[in-house]
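Chemist: Sequence:
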Amino acid sequence: MSQNPAQTENDMKNDAETPESSTAKARMAPAPDDSRKPDSPADVTKPSWKYIAKKTLREFTKDQCPDLAAALTYYSVLSIFPALLALVSLLGIFGQAQKTTSALLEIVQGFAPAETVDAVRQPIEQLSHSSAAGLTLVIGILTALWSASGYVGAFGRAMNRIYETDEGRPFIKLRGTMLAVTLATMLIVLVLAAMLVLSGPVAESVGNAIGLGGAVLTAWNILKWPVILLLVVLAIAILYYATPNVKQPKFRWMSLGSAIALVIFLLASAAFAFYVANFASYNKTYGAIGGVIISLLWLWILNMSLLFGAEFDAETERGRQLQAGIEAEETIQLPPRDTKQSDKQQAREEEDIRRGRELREQQAAPRDQSP
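If you read the sequence shown in our numbering, its first letter stands for residue 741, the second for the next number, and so on.
Note that these hints are calculated values from the structure, not bench results.
Calculated pairs, EDC-like style, for lysine to aspartate or glutamate (alpha carbon to alpha carbon, straight line, at most 16 Å):
# : residue 1 : residue 2
1 : 990       : 773
2 : 990       : 774
3 : 794       : 1069
4 : 802       : 1070
5 : 802       : 1069
6 : 990       : 779
7 : 913       : 1078
8 : 987       : 773
9 : 795       : 1069
Based on the sequences and whatever the hints tell you, model everything.
Modeler: Shown next, in the form of structure tokens:
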């Protein structure tokens, strides 16, 4: 029986296009702020929150988030030391490299395992004594920006998996977005580092230099911590909002997962530090690289926390859609930011399907004609 060419072409498109593809969602997904959805977290019902909690745990495993966190840990390592190089060089220009790096290390030691601090102490202190601060700063900033954009790109791919979509943005648009997100988060990190350094003796020295009284310094040491927490949540929310190829709902919804990720990370870091200090024997087992192993595990915990928060945001959006009567039980219905790249990929897949079908039919024809 002959087959209608138009029907055959439609079959190939259906084979190549899945419900998770950005091309399909561009046609079917409602607006990200569809009026049928709950407008605030308080409007989400208890059954919806129960569904969201269970689905978050299941999707975290289904999406292989521990494996994705391991990949992100690799990119973290590539970007950390160029970032430290840029930060220490910047401090060196103002003649405060040694004092402020010591203050930073003491602050990090407050929530990270001691072995993690020891692993980075020597390279940071060596950089703080470097005399080529200007050139090192330029090299460090450029290297840090490029390396950190690799992390942001990998995070975006993980977010696409979490939001059940594919990448549809062209290379230039995608790379530009990732560099912009990287620059924004690096600026926030720089502000955070400055706020953390401006405490204790450093804050007193700066306050005396510009004529601030003791009351102002006391207020600063208290009020800076809520601001630091808000900036951390903001940095995480930017990653959640800008990296996936989906048009997100209102920005405030991103802060839920960001806050959860931060709380989980702080609790997990405290538990991990307690475990390392009291039960583990990494230094005895691994010798000099024990601190490096602990640092990698700590970064892995950080990235798993970030991905869990992202899963919570994604499943919160699914819960909002289901409560609004939108068919999101199989895939989250958010329109893509772009479909140019995914359209090209789908066309290539359709061509592969067509050629494969032709090959199968050509091979089957001689067998059908044989007696």
